[in-house]
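Peer 1: Chain by chain, the residues:
Protein chains: 2
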Amino acid sequence: MHLKTSLLSIVFALTTNTATAYEWQALPEQAPAPADNPTTAEKVELGRLLYMDPRFSQTGTVSCNSCHNLMLGGDDNRPVSMGVHGKTGGRSAPTVWNSAFSSAQFWDGRAASLEDQARGPVTNPVEMGMSDLEKAMNRVRAIPGYKPYFERAFGTDNPMTVDNAAKAVAAFERTMITPDSPYDRFVKGDKEALTEQQQRGMKTFADTGCTSCHSGPAFNGPTMAAGTGFFMKFPTFEDSDYVQRYDLMKDKGRFEVTGKKEDLHLFKVPTLRNIALTAPYFHAGQVATLDEAVKVMAKVQLNKTLSDEQVADIVAFLNGLTGGFPEQKLPRLPATPGWTLIGSK
Amino acid sequence: MHLKTSLLSIVFALTTNTATAYEWQALPEQAPAPADNPTTAEKVELGRLLYMDPRFSQTGTVSCNSCHNLMLGGDDNRPVSMGVHGKTGGRSAPTVWNSAFSSAQFWDGRAASLEDQARGPVTNPVEMGMSDLEKAMNRVRAIPGYKPYFERAFGTDNPMTVDNAAKAVAAFERTMITPDSPYDRFVKGDKEALTEQQQRGMKTFADTGCTSCHSGPAFNGPTMAAGTGFFMKFPTFEDSDYVQRYDLMKDKGRFEVTGKKEDLHLFKVPTLRNIALTAPYFHAGQVATLDEAVKVMAKVQLNKTLSDEQVADIVAFLNGLTGGFPEQKLPRLPATPGWTLIGSK
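From first to last, the protein sequence lines are chains P and C. Counting from -16, one number per residue, gives the positions in the first sequence under my numbering. Counting from -16, one number per residue, gives the positions in the second sequence under my numbering.
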């Protein structure tokens, strides 16, 4: 398809008599990139290797892909991820798919860009567990086969830096997008792409008010300047039984980063693309199924009680946000000939 | 190349004046398969998915590929592997590359086939940690997208069994072979494929006596009937300083399986193909570098002290046993739409 068409917002007026016509948008065929890190094939190639390589974690067992699995929904299907030595943290791994369309990263938006985000897990003691980024980078530098990849991507003047590694991973992630879901095909005019139930669910999704937060092409809010972040209070209606049942007040959200009272329980609105693949749900995987997640969200965010049929319809619609995934090769990672980076014991 | 040629042992007489002409063999282009599990494209396709899928481990974090990484040397570059909850065992993960050419599996040969081997790690508490194989299989059965793969591979009459899953993984592993190394090209007549140093190392390797154990196309001993296993005592010369330094008597080897005195410290002779990629070395990763591994092996197995130059030459030769690796796609694993297999907590 033509890039020009794909980059435009595509207005799709629902033909059913909905109260408020909602502007449905297809995902662009390309993700935006910052001016100081244009996406190039060479960076993407290097970024893919770094993303898949477990040797930069303390134990040599955890890569980006361990928790953000590109063979699955871009996450790990766990409530909270498991890093080095079987350690776990307090939040659920967000999907890497379409993370390029978020204006801030992490559940609390503490990273302004994918470049910033890529640095976080490497030194997080419950994720990759390295003591500092330079030590991780020294492992990369110790692998002779990485040098030509860095040189092709960033030139020959001292290219093997933490900054460039983060840029490469971010560039790669900007290609990990899924612009060809049934929903996208439907919005672009293929009326057979979504089933009748899915189309009903689409209308219910908008009419219920889900789109007040989950708007835009990635269903994570309006397109905003890089670093902005689109946050909402969760839960909004604190008196729901669900709040107790799923311990929804435990995590103070963005407040943990800023310390500002107005950020209490604020969370980034996550994308709903590929949401059917990323159970369990919410910021700590509190809810096991998508049905329950839809029911709880309607209640604690919109104070609405959905019927089982409405839930089923919305879930059917959300399943229409899955894929299509780009084909890629299983990479061969540059070797460490004759010795190991991980240590002999 | 023609299959017929490739499956024959290719005799290559060294042109240098070696005392004993050694019969160098190229790796066959295809691995042998047992009569009850012929390799088919459909099994290989299913086997690849199962091999890469972490959801059948207790924590959802460990797949076959976690410890036998196909993006690397078919292992994890760790002394001993790290399974669920960061647990470790007592032995080093052998490479999956060319495991199809071993007549028994595991360091102690306790599995007679790849089919047998595939069952082991799933219920090993320090590997994938499932309580039993049927529970692991229930997870596979719970993923709707796996059914058509099993049906295509094994027919529609109750195909989703542990037996068939093991057969598929084994069939896949029989395609994970590396018959196009520089060594293979050299043996087949390309005299430029190995450097002068590598050719010198090849002669030293044979003259020193390494080939008395590391013989055959996979350098893991003579071709034997499936289930036989080719074992050697390690260490053979127990009075070497290395035995103390690297604690080589600690593991009783095959004795742990059979309880027979004659099996004390017997280990399967491992393949040397891709050995440059699988540091650290020996059955518990006791030695960090290939140089040291060569030196120690010559001493404790053959009672020979190699010069630094001889070691360097042999290591250069061993580097010629690396690759070429088959290209393959990063698979998309069948999804668990709307829920998770791993559990909500």
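A few of these clues could be false.
It does not matter which identical chain is used: a pair holds within one copy or between any two.
Derived SDA-like pairs: lysine to any residue, alpha-carbon spacing no greater than 20 angstroms straight-line [to be verified]: (1) K312 with T158; (2) K243 with N121; (3) K130 with M54; (4) K287 with R183; (5) K130 with D291; (6) K243 with M232; (7) K233 with A299; (8) K282 with T241; (9) K186 with V27; (10) K243 with A271; (11) K186 with A176; (12) K186 with A24; (13) K70 with P165.
Simulated from the structure, these hints should not be mistaken for lab results.
Peer 1: Does each hint hold? Answer for all of them.
Peer 2: Here's how the hints hold up against the structure:
no. : hint           : in the structure
1   : K312 with T158 : both (14 angstroms within a copy, 17 angstroms between copies)
2   : K243 with N121 : neither (37 angstroms within a copy, 47 angstroms between copies)
3   : K130 with M54  : between (27 angstroms within a copy, 18 angstroms between copies)
4   : K287 with R183 : within (18 angstroms within a copy, 79 angstroms between copies)
5   : K130 with D291 : neither (56 angstroms within a copy, 28 angstroms between copies)
6   : K243 with M232 : within (16 angstroms within a copy, 61 angstroms between copies)
7   : K233 with A299 : neither (30 angstroms within a copy, 58 angstroms between copies)
8   : K282 with T241 : neither (28 angstroms within a copy, 62 angstroms between copies)
9   : K186 with V27  : neither (38 angstroms within a copy, 43 angstroms between copies)
10  : K243 with A271 : neither (31 angstroms within a copy, 50 angstroms between copies)
11  : K186 with A176 : within (15 angstroms within a copy, 65 angstroms between copies)
12  : K186 with A24  : neither (39 angstroms within a copy, 44 angstroms between copies)
13  : K70 with P165  : neither (37 angstroms within a copy, 42 angstroms between copies)
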